[in-house]
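Protein sequences, first through last, are from chains A and B.
The numbering of the first sequence is our numbering, which starts it at 1254 and goes up by one.
The numbering of the second sequence is our numbering, which starts it at 1254 and goes up by one.
Read the hints as simulated data drawn from the structure, not as lab findings.
Backbone N, C-alpha and C define an ideal beta-carbon position, used for all residues, glycine too.
Treat the hints with caution; some may be incorrect.
[Stated by the list, open to error] Residues from chain B shown here face chain A by an in silico Cβ test under 10 Å; the list is partial:
1) ASN1328
2) GLU1337
3) GLY1343
4) ASN1385
5) ASP1405
6) ASP1411
7) GLY1412
8) HIS1419
9) ILE1501
10) ASN1542
11) PHE1544
[Stated by the list, open to error] With the C-beta cut set under 8 Å, the calculated list includes, among others, these residues of chain B facing chain A:
12) PHE1332
13) ASP1386
14) LEU1400
15) ALA1414
16) GLU1416
17) LEU1417
18) GLY1433
19) ASP1505
20) VAL1508
21) SER1511
22) GLU1513
23) MET1541
[What the hints assert, rightly or not] The list that follows gives simulated cross-link-like pairs (lysine-lysine, DSSO-like), each with its CA atoms no further than 30 Å apart:
24) B/LYS1534 <-> A/LYS1429
25) B/LYS1572 <-> A/LYS1572
26) A/LYS1571 <-> B/LYS1547
27) A/LYS1547 <-> B/LYS1448
28) A/LYS1558 <-> A/LYS1547
29) B/LYS1534 <-> B/LYS1448
30) A/LYS1306 <-> A/LYS1356
31) B/LYS1429 <-> A/LYS1545
32) A/LYS1571 <-> B/LYS1572
33) A/LYS1523 <-> A/LYS1534
34) A/LYS1345 <-> B/LYS1545
35) A/LYS1523 <-> A/LYS1571
36) B/LYS1306 <-> B/LYS1295
37) A/LYS1295 <-> B/LYS1545
38) B/LYS1547 <-> A/LYS1429
39) A/LYS1571 <-> A/LYS1356
40) B/LYS1295 <-> A/LYS1545
Number of protein chains: 2
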Amino acid sequence: MSNNKEIAVGIDIGGTNSRFGVITNEGEVLMHDRFPTSSYPKAEGFVRAISRKIKDQLKQCEGYTFKGIGIGAPNGNYFRGTIEQAPNLGWKGVIPFVDQFKKFFNERVVLTNDANAAAIGEMMFGGARGMNDFIVITLGTGLGSGLVVNGDLVYGHDGFAGELGHTFVYMDTGRKCGCGRRGCLETYASAQGIKRTVFELLADSTKVSELRKLSFEDMTSEHIFHAAQNGDRIAKEAFDLTGRYLGIKLADAVVHTSPEAIFLYGGLAKSGNLILNPTIKTFDDHVMNIFKGKVSIRSSELNGKQGAILGAGALVWKKRK
Amino acid sequence: MSNNKEIAVGIDIGGTNSRFGVITNEGEVLMHDRFPTSSYPKAEGFVRAISRKIKDQLKQCEGYTFKGIGIGAPNGNYFRGTIEQAPNLGWKGVIPFVDQFKKFFNERVVLTNDANAAAIGEMMFGGARGMNDFIVITLGTGLGSGLVVNGDLVYGHDGFAGELGHTFVYMDTGRKCGCGRRGCLETYASAQGIKRTVFELLADSTKVSELRKLSFEDMTSEHIFHAAQNGDRIAKEAFDLTGRYLGIKLADAVVHTSPEAIFLYGGLAKSGNLILNPTIKTFDDHVMNIFKGKVSIRSSELNGKQGAILGAGALVWKKRK
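Modelling step: build the complete structure from the supplied sequences, incorporating the hints.
Structure, rendered in structure tokens:
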């Protein structure tokens, strides 16, 4: 009783929890679940346990053709199928993640970093359908990016292309970054970045703000979002500054690959116009003339859906030219 | 009496003079000549006259198979075969350059900007043979760049990708650029840029320098090169600063496409280690950890040869995937 539809499994590896699910090649999410990453001190144990869960899910998908597993993971290397020195995961060193999955599955297993998976998802199921040249920016704890050129994801010679979070807003000066340098874009434009901006503003100004009640450890970008929605001036200024930093560096980015659109995806991007408006304004004010009016900056169409699972699963169908 | 070798014509369009010549698919330049661009107020007249010269050259190439004409031109648009609003050419507006050549030739006619042509030349005949991911930076009056990703030149959705000369060294502040903005890399790292740096240094310091004898109009990057070779401290400092600006922005560039090499081509690049050493040092000091030690920055292998003609001619053979 085949319905001729193809399905794939998408897995989004997170430091605390991973999400996984079964999707169709038309972008339906048939089922999805969470799985505790941090409960498994070794990757092998995690892979064995989640593989069992996945096989349970697949048993409920009779009639579909199962094509394989796509994985989005921090520091995921597409060429080697490995997760390499991911700072937010408990698993250290270089993990041969694809090989570990292949012990349990005969189908295609593909892995890349989470931002690249988001870009593939946008191309297959989101706003980038039909586009050959675009960029996805993921605004999570850090800032990730996936670049698509000529219809293919840009991996670069070593698999590590697309680290726009580590371009310089300020050279040599600026905020200390997790990468060891100073002044990187992700220290300004990310969930952590906007919090750092709020703390600078709280220190600099005497404005009343509900954010003065929260410690650095307690404050999240959701607090800042809700404060801004309540009209909090410090929170709104923090969004404006975040968009400004992002818009200027996107003006630098477009001269590299001339994309027709830039999609903002993930936690901070869900703040909608609070982040989009200052980003677009600053971009328009700063972008080189020949690109003016050509680049659409907008919210990812996968925001709010099971975007990470869709992106990871899409990897199974997307073959490189 | 065929020798089975293929030939193409390469044309490098310059504001005052254009250069053209016949090359083989093995990178030999069989003949080359100059032609006065600025003597022709209209592009049509130029194309008619140079086509006659080219046909004369081709008559002397019996036994070879003529494959077509490749053209490198400022503001050349690959997709449309046009030269668009080139500030340094007398021909205004959008010139349908390829169509004009096709009146005289039945073979393939391909056009792109000069920096993209240099990148194709490097890939076919220079140091980038066998590479899939690299960047060529042309240091002439301005700063141009050609990006190659997955073995294909990056044109972007509109044909204008690769304008690294218009990334920001300083946002909003910094030197006025021909593009209308301030702080662009090409106002620092180019023949004009290094001269502007010399003038800042002459104003700021009291050091003796042979460059104090020259007006802004008279001074060229060759004067600065020779002064530096003579040990002039202002000239050497200007090279160091130029390399510093370039090295920092190249550290930003590599996170986009992760190239395995960056080639410096053109006038200023011929200064060799004077420009290479500070560029490499600053790049190494600033590049993100995961790219450290992976990117080779070096002089183009086409420097000093008929590089512009080789690059333009190579376009005829290089087909996109």
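Okay, the hints, checked on the actual structure:
A hinted interface residue such as B/ASN1328 counts as satisfied when its beta carbon comes closer than 10 Å to some beta carbon of chain A; here the least separation is about 9 Å, so the hint holds. A cut of 10 Å between beta carbons decides the hint on B/GLU1337: the least distance to chain A is about 9 Å, and the hint holds. A cut of 10 Å between beta carbons decides the hint on B/GLY1343: the least distance to chain A is about 20 Å, and the hint is violated. Of the supplied interface hints, the one on B/ASN1385 holds, with its beta-carbon coming within about 7 Å of a beta-carbon of chain A, less than 10 Å.
Annotation: B/ASP1405 was flagged as interfacial toward chain A, and the flag holds, the nearest CB pair being 6 Å apart, inside 10 Å. For B/ASP1411, the interface hint holds, since its Cβ comes within 10 Å of a Cβ in chain A; the closest pair sits about 6 Å apart. Against a cut-off of 10 Å between C-beta atoms, the interface hint on B/GLY1412 holds, since the closest Cβ of chain A lies about 8 Å away. With a cut of 10 Å, the hint placing B/HIS1419 at the interface with chain A holds, because the nearest CB-to-CB distance is about 5 Å.
A distance limit of 10 Å between C-beta atoms decides the matter here; for B/ILE1501 the minimum to chain A is near 5 Å, and the interface restraint holds. The beta carbon of B/ASN1542 comes within 6 Å of a beta carbon in chain A, closer than 10 Å, and the hint placing it at the interface holds. Taking 10 Å as the C-beta contact cut-off toward chain A, the hint placing B/PHE1544 at the interface holds, the least distance being around 7 Å. Annotation: B/PHE1332 was flagged as interfacial toward chain A, and the flag is violated, the nearest CB pair being 11 Å apart, outside 8 Å.
Below 8 Å, beta-carbon pairs count as interface contacts, and B/ASP1386 has one with chain A at about 4 Å; its hint therefore holds. About 7 Å separates the beta-carbon of B/LEU1400 from the nearest beta-carbon of chain A, less than 8 Å, and the hint is met. With 8 Å as the threshold, the beta carbon of B/ALA1414 comes within range of chain A, its nearest partner Cβ sitting at about 4 Å, so the hint holds. With 8 Å as the threshold, the beta carbon of B/GLU1416 comes within range of chain A, its nearest partner Cβ sitting at about 4 Å, so the hint holds.
Taking 8 Å as the C-beta contact cut-off toward chain A, the hint placing B/LEU1417 at the interface holds, the least distance being around 6 Å. The restraint placing B/GLY1433 at the interface with chain A holds, with a minimum CB-CB distance near 6 Å, inside the 8 Å limit. With its C-beta approaching chain A no nearer than about 4 Å, B/ASP1505 sits inside the 8 Å limit, and its interface hint holds. A cut of 8 Å between beta carbons decides the hint on B/VAL1508: the least distance to chain A is about 4 Å, and the hint holds.
Among the interface hints, the one on B/SER1511 holds; its C-beta lies about 2 Å from the nearest C-beta in chain A, closer than the 8 Å criterion. Because the closest C-beta pair between B/GLU1513 and chain A is about 4 Å apart, less than 8 Å, the hint holds. Because the closest C-beta pair between B/MET1541 and chain A is about 5 Å apart, less than 8 Å, the hint holds. Pair hint B/LYS1534 plus A/LYS1429 holds up; C-alpha atoms about 21 Å apart against a cutoff of 30 Å.
A threshold of 30 Å between alpha carbons decides the hint, and for B/LYS1572 with A/LYS1572 the separation of about 21 Å falls inside it, so the pair holds. With a CA separation close to 28 Å, the supplied pair A/LYS1571 and B/LYS1547 stays within the 30 Å bound. For the proposed pair A/LYS1547 and B/LYS1448, the alpha carbon gap of about 34 Å is over 30 Å, so the pair is violated. For the suggested pair A/LYS1558 and A/LYS1547, the alpha carbons sit about 28 Å apart, so the restraint of at most 30 Å is met.
For the given pair, B/LYS1534 sits about 22 Å from B/LYS1448 by alpha-carbon distance, which is consistent with the 30 Å threshold. For the proposed pair A/LYS1306 and A/LYS1356, the alpha carbon gap of about 15 Å is at most 30 Å, so the pair holds. For the hint pairing B/LYS1429 with A/LYS1545, the CA-to-CA distance comes to about 19 Å; that is within 30 Å, so the pair holds. Proximity of A/LYS1571 to B/LYS1572 is assessed by CA-CA distance (about 23 Å); at most 30 Å being required, the pair is judged to hold.
Distance check on the hinted pair: A/LYS1523 and A/LYS1534 sit about 18 Å apart at the alpha-carbon level, within 30 Å; holds. Between the alpha carbons of A/LYS1345 and B/LYS1545 the distance comes to roughly 20 Å, so the proposed pair stays at or under 30 Å and holds. Annotation: proposed proximity of A/LYS1523 to A/LYS1571 holds, straight-line Cα distance about 26 Å (limit 30 Å). A C-alpha spacing of about 17 Å is found between B/LYS1306 and B/LYS1295, which places the hinted pair at or below 30 Å, so the restraint holds.
At roughly 29 Å between alpha-carbon atoms, A/LYS1295 and B/LYS1545 fall within 30 Å of each other, so this suggested pair holds. Between B/LYS1547 and A/LYS1429 the CA atoms are separated by roughly 24 Å; this keeps the pair inside 30 Å, and the hint holds. With a CA separation close to 23 Å, the supplied pair A/LYS1571 and A/LYS1356 stays within the 30 Å bound. A hinted pair counts as satisfied when its Cα atoms are at most 30 Å apart, and B/LYS1295 with A/LYS1545 qualifies at roughly 29 Å.
Checked against the numbered hints above, the structure breaks hints 3, 12 and 27 and satisfies the rest.
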